[in-house]
Every structure is written in C-alpha cells, then in structure tokens.
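J.: Chain by chain, the residues run as shown.
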Amino acid sequence: MTFRWLQTRSARKFLKNRMTRFSLGIIGVYVLTTLALFGGVVTLEETETRIAAGNIPGFWGHYPIEQRFADTEMYLDAVKRAMNRNDVPTALREITYGHRRIGSSDPEELRQRLREAESLFDELAVLDDLNHSSEHLRSVERLESVIDGMFAAMSTTESFSRRIRLSLGTDRQGRSILLRGVYSIKVALLVGMVTATIGVLVGSLLGAAAGWFGGWTDNAIIWLYTTFQSIPSMVLLVLLAYLFTGSRFEGTLLPLYVSFGATYWIGPCRVIRGETLKLKQLEYIQAAQTMGFSRFYILLRHILPNASHLMLINFSLLFIGAVKSEVILSFLGLGVKEGPSWGIMISQASPEVVNGFFWQIGTATALMFGLVLAFNIVSDSLQDAFDPKHAGN
Amino acid sequence: MWAYITRRFLFNIPVFLGIVLLVMAALRVHDPVYAYLGKNQTQEDVDQLREKMGLNQSFLVQYTSFLGRTLTLNFDEESWDQPGVSVGSRLTTSIGPTLALTIPALFLTTVISISVGLVSAYFRGQLVDRLLVLVAVLGMCVSFLVYIILGQYFGAFWISREFNIQAFAIDGYESGLINWPYYCLLPVLISVIVGMGYDTRFYRAVMVEESERDYITTARAKGVSRERIMFLHMLKNAMIPIVTRIAISLPFLITGSILLEMYFGIPGMGRTLIMAVNSNDFPVIQAFTAVFAAVYIVTNILTDVAYALVDPRVRLA
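So the sequence lines, in the order shown, correspond to chains A and B. Going by our numbering, the first residue of the first sequence is number 1, and it counts up by one from there. Going by our numbering, the first residue of the second sequence is number 1, and it counts up by one from there.
Here chain A stands alone, though its shape is the one from the complex (with noise of 0.2 angstroms):
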C-alpha cells in the first residue's frame, strides 16, 4: 500500500521539492529526538537541577566581570552556609551543581581554601570601580581558580557533558538551557501529535458521516460546530483548560489535549464534509451504491480513503497550531504545569530580556522555529501535490 503510494502523481511531485525532502528530514531528528527523550537520555529531574550560577551565557563565552564576581559569591555562600551546619560532611555533600560536587572531606584543607577565597574576595569586593582591565581579571580568575580547587575534579566524559549542558547558558535559576530547551521537544511532539490525531480524527468521522447521510445527521452535526465555532477558539481554550483546574489531571498533559482536541476537529469536520459532498456525486460512488454495497462500506472503503489527502493536510495544520497554542496557553498559566515546555521557557525569559538576556528566549524560539517551519513546508507541498488548482500559487 504504502509502496504504491509512493509512484503516485502526487507523491512523486511531493517528494520531489527538495525543501519538503529537507524539511521530513528535519522533522525525522525531532522525532528521533522525541523517541530517544523516550529512552530516557534526558530525564525529567535533569532538567530542574541547578547546574551553575544563573543566567550564564551560552558557548562558553566570557560575561561581564561583576556577574562572575557574582557567581564566586553563590559558589563561597554555599559553602559558608555548609561549614555552619551541625553535620559537615552531609551538608558538603548536599552542594551539587550537576557533575559538579565538593571535592575534599578534609574539612580542615576546606577551611583553609575557603579561607584563601574570602581574603580573594574581600579584596575585589572593596574595588567600586570592577573593570575588564587585565588586573581585575587577573584576580577575578584566582579567585575562581581557588573555588574550583574546592570541587572534586571531574573525569574526562563527565567534565564533557557538563561542558555540552552548559553549551547554551543556564536560566535564571541555574538550569541548563540545552537540557530543559531539548526536552520540550517531547512536550511540544506530544501535544502535535495526540491533539492533531484527535482533532483529523473525530472531525473526519463527524464530517463524513454528515455529508454522506445527510438530513438529520447533516444538520445535527453542523448545529454541532457551529455552536463550537461560535465560542472564540481562544476563550474556549481558557474555558475548557479551566475545568481542569484543581481536578487530579491538573498538572499532566491532559487538559491541553482535551482543550486542543475539542477546538481543533472543526476544521477537518467542514472540509470533509465539503469533499464528501462532492465526492458523493461522482460516478464511481453511484456505482458502487448500484452494485448494492451497504452505505457504511461505501463510506469506509470509498470515500474515506479518497479525502485522505484533506486529513494529512489538515493534520499537519493542526500540528502547528496545537504547538503555537501550547505556548500560549503555558504562558497564561493554563497550559504544561510540570516540567519544561517551549512555552514555558518563553514566559519564564521575560525578565530575562529585560536584563538583556536572550539564550533562554533564543533557544525555545529556534527549537520550535525549526519544528514548525518544517511542519509549513511540508504542509505547504502537501497542498500542492494534491490540488492542481493549488500548485501556481
């Protein structure tokens, strides 16, 4: 099946746009992504652990002098605060920054460091005038040489990965960007993915069935989207993500899918209604209806099948709606509650800009610039394979 499929017209014409052969590919990684997120190569307690200081930028660049001046402060509190604890060693243990840990148990060589970085410190912080000249830097990077002797050195691969996490910078609360920016890809797939299969899927069904019986049915099931469509697909939205709230599935993905699903089947529903209107009328319909085929047959083996092309188009549509959506959605606090999403991120980046920094911004927009241009051209060419009227335009 699939195999004559792809000698068809239309297929062949889809495939043969280099840009849409580009942008499966790219859709194919973001797959991959999701399903090897699946396997666990990034888990979801990775993503919330603090790994650095806050708001680090990304390629390991150089940032300005006072915000690592800063960080050498977090990294000498932390300690401080742990020397002071009733239990020592647990308290020094409890200090994880992802692969980063205390190294010595020798609480007296601790000591003796900590000291060593405070009178580093005092020094700097009496300077009202911390520049980029060579001097500051020069104790700047003592002083971060003396706390990095604190903690254990890593091996070759874990010293990699941290590298690799720390590659686009670390959000407000110290996170790496990378980590929460790649596991939102499964957030983002997953909500595409069921929304747009329920939405083709009940709209398909509802729209067939009234364009092919007709009378009652027909007008039942357009009173049906009509009323649905007469609620602004927004305020139905924050309606239906509403009557989740405090109940147990607060929290989970589901009332993101309800929502979607119950916004996003009108559209489908009207176009395969419109085509199985038309297709209704053509000979090969009224053949098989001769031939005595019951009305249910024809509608699964016939008609379906031939508006097929309208659900693949439809769904795509769907797809980069639903994770338009879920970004704002997230944002008003009706969306992804747990965990990372695009969304998320893109709403926890506002005070970030306004401080002028945009790794975390820029990541989420990339990602999610990636999946859904792809999504644009292949939708795009989709329409274009299978409607000639479409093809000049």
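Everything labelled a hint here was simulated from the structure, so no lab data went into it. Hints may be right or wrong, so weigh each one.
If we take Cβ atoms under 8 angstroms as the criterion, some of the chain A residues that face chain B in the derived model are [said to hold, decoys possible]:
#1 221
#2 223
#3 239
#4 243
#5 331
#6 332
#7 347
#8 349
#9 367
#10 368
#11 369
Taking beta-carbon pairs under 8 angstroms as the criterion, some of the chain A residues facing chain B (in silico) [to be verified]:
#12 227
#13 234
#14 238
#15 327
#16 333
#17 350
Predicted model, so just to flag it, every value in this text is computed and none were measured. Cβ atoms here follow ideal geometry from the backbone N, Cα and C, with glycine treated the same way.
Starting from the structure of chain A, add chain B where the hints point.
T.: Using the frame of chain A, we list chain B on its own:
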C-alpha cells in the same frame, strides 16, 4: 433578500441556545462555589452563595433565567472577586481598552496587508514577491509571545535606555486620546506585525487567483494597462474574500488579544476573563463567555447581510 436574512437569523437561534448550554454546563462540571471558597469554607457560606447565585435551583431553571438575562443584557449580579461591582459594569469598563487596541490594529493590518498582497501579486514570481512570501512564512513560525516580549523590550526598554526618551509605556493603561499613543501604539504595532504574516499570504493568494480569471484576460486584450487592472478591476472583485476576512476577525475586536492585554497590563475584556478564571470568579466567566458568543453570532449575521449586498449570487442560494 429579506427571506435570506430571516433564514440566517433563524439558523443562529439554536446555535446561540447551544453555546449558552455548553458554557453553563462546562462551568458546572466542578462546583464553582467550592472552587471559589477554597477548603476552609463553612457549609453556611456555601449555601448562602449558592442561594444568591441561584445555583441550588434545577439546571433548566438556571438555564432559562441566564438566557433571559443575557438577551436583555441584564448583568447586575455581583462579581465574586470584586465585591460590590456588578458583572455588567465590569463588562462596560473593560470594553473601551479592548476596542482602543483592536480597532486600530485591525484597520492597519488590513490596509497594509492588502497593499503588500497587491504588490506581491503584481511582481508575482519575481524577487520582491519571493522575498515577501519568505518573510511572511518565516515570521509565522515564531510564537506571538516572542514578538510581544521582544517588542516590549525594544520598544519600551531599549529605546528609553539608548535614546533617553520614554516613547512607550512598559505596561498600564489610561483612557483618553492623548494617552493612546503612549499606552496602546506599541501593542497595536506588535499585533499588526504578527497579523500581517497571515493576512499578506491570504490576500496575495486572493489576488493571484483573481488575476487568472477570464475578465482580466479580456481587459488585457482590449488594452487596459496592467496597473489599472490591478487596482480597479481586481481589487473590486476581490472584495468578497476581503469582506469575509474582515468579518471573520470582527469578533476578535471584542475578545481582543488576550495575550497583549495580559502582557501590557491593559484592562480589557480578554484580561478580565483570564483574571476571572484565575480567581474562580464564576459570574464574570459565565457572563463574558456568553457575551463573546453573542457578539460572534451578531457579527455572523451581519457578515451574511454584507455578503448578500456585495454578491448578488448569495441571495439566490
């Protein structure tokens, strides 16, 4: 003509009944009183609030009474979140800011998009056209929220830092024409930029389709200039899809852009609705959604009338 309008009107009655039913049922899946009062309520409080809202009556009684109040635009119940303020007055105070945002945005988006669409169709297949289409497609792949965040950063923070002028407000709203550019121009511009991606593509497709029709060939054959065809013949005939497009966006004049209102702290309809959802303000949610739906239906009927006026074929259908 009148028969057609009456038919459209009658068709929309069951639709409205359905919407109110849907909204009311959806809001009663969880008991709104418990959601509002939280865990530490006494049975007495619950009963009192229920009694006040008529929530202890049967669904049918509530349905007919709410339907009646919606039709007579009588929203004098008290908002739960802001005691002493009626739902009706919250509606009337929040409609102004929304319209201040959405009307200029719709107007600008439509005018600019039609012009760009015409330009694109005129240079069809050439570099200008390809660039415009590319920009529109790429622009659509970025989230609305990103435009808002970056727009606010560059419009409100960056300009004031670099040039030392506070051109636009970071957030907030004050009514009055003098205050309009300060509070509303930036959100309007953002909304125009976002809307243009979709609209230029749509209008370009309309123009391209129109340019392939027989009457264009005829006009060309009798020697009418290309520009005259573009701006007179084509634009006139493209009015039907243009009117449709504008009519589709009319309900959004009222719902407004929830996101823009939330982000820029503009106290419009969308923001009021979201705030009501967050504070479980049941009377406000119910009334606002019903009003949104009613507005949608009224614009639907008006669109149908506009169709019948623009396109004689519709009247006979």
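J.: Which of the stated hints cannot be reconciled with the structure, identified by number in ascending sequence?
T.: 1 and 9
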